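Make a model of the complete structure from these sequences and hints.
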Amino acid sequence: MRTLVIDTATQALSVALLVDGAPTGHFHEIVGRGHAEALIPAIAALPDGGRAEAIAVDLGPGSFTGVRIGIAAARALALAWALPLKGYGALSLIAAKAAHGHTGGPIAVTITGGHGELFWQCFESDGLTPITQRASTPIATLAAMLDHPVLYGTGAEALVTARGHGAAVNLYPNAADYPLIADIPSLPPSPIYCRDADAQPMQPPLRASSAP
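Sequential numbering of the sequence shown, starting at 18, is according to our numbering.
Keep in mind the hints are simulated off the structure, nothing from the lab. Worth double-checking, as some hints may not be accurate.
Here are the computed distance ranges between Cβ atoms for each label pair [as the list claims (entries may be wrong)]:
(1) 181 <-> 36: 38 to 48 Å
(2) 36 <-> 155: 41 to 51 Å
(3) 148 <-> 62: 35 to 45 Å
(4) 68 <-> 161: 43 to 53 Å
Remember, it's a predicted structure, so these values are computed and weren't measured experimentally. Quick reminder that beta carbons are idealized off the backbone N, C-alpha and C, glycines included.
Okay, structure coming up:
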C-alpha cells in the first residue's frame, strides 16, 4: 500500500511517501510561512512524484492557513488521481510520537495557537487514546489546568514558562510518523479549527438614511 501523507498544519512543511508503512521518500522542514509555494514542489520531489494509492492529510488544529493549504492540495490530488482521502489530527500524531519516549502517566500535547491561546489535548500513556476533547485555551488559564511534569508539542515551551515548572519537548507533526496512527479510524477531510477564524466577514457599509 502506497500512501502520500501531507502535513502543513504547523510551521513545519512535512510530506512523506509510505510503502507498506515505511517511508520511501520524506521531506520535513520548519518553513514558518510559505507552505503554499513549497508544498507541491516537495510532493513532486518524492519518488514517482508522490503517486500513491491513498492520501492522508493533517486536518489541524494549527495554523488556519496551513490547515487549509494542506487539505486543498490533498483534495485536489485525491480527485485528480481518483484516490481515497483520509484525515488525521495534529495533536494525535504528536501524542503517538511522544509515547515512544514517555515514561508513565497521561500525555499532554499542546500546539501554538493564536491570540495567546494554545490548542491542546490529553491522551493515555499509549499516545493513541484521547482522554480529553481538543480545545483552544489561553496560556495563563491552561497553565493552571495542566500539571503534567512533561509537556509535548510546539506550545510546550510557552506553557512550561507560564506555569514555572516542568519540562517541554518541542515536537512538530511529522508526515513520516503517520504509521503510528494509521490504525486509528480516519477523520472526514474537513478542517479542525477548535476556535473561530481570526478573519471575520466584512459587514456591508451602512447606507445613509434619506430624509423624508
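Indices of hints not satisfied (ascending): Going through the list in order, the structure violates no hint and respects every one.
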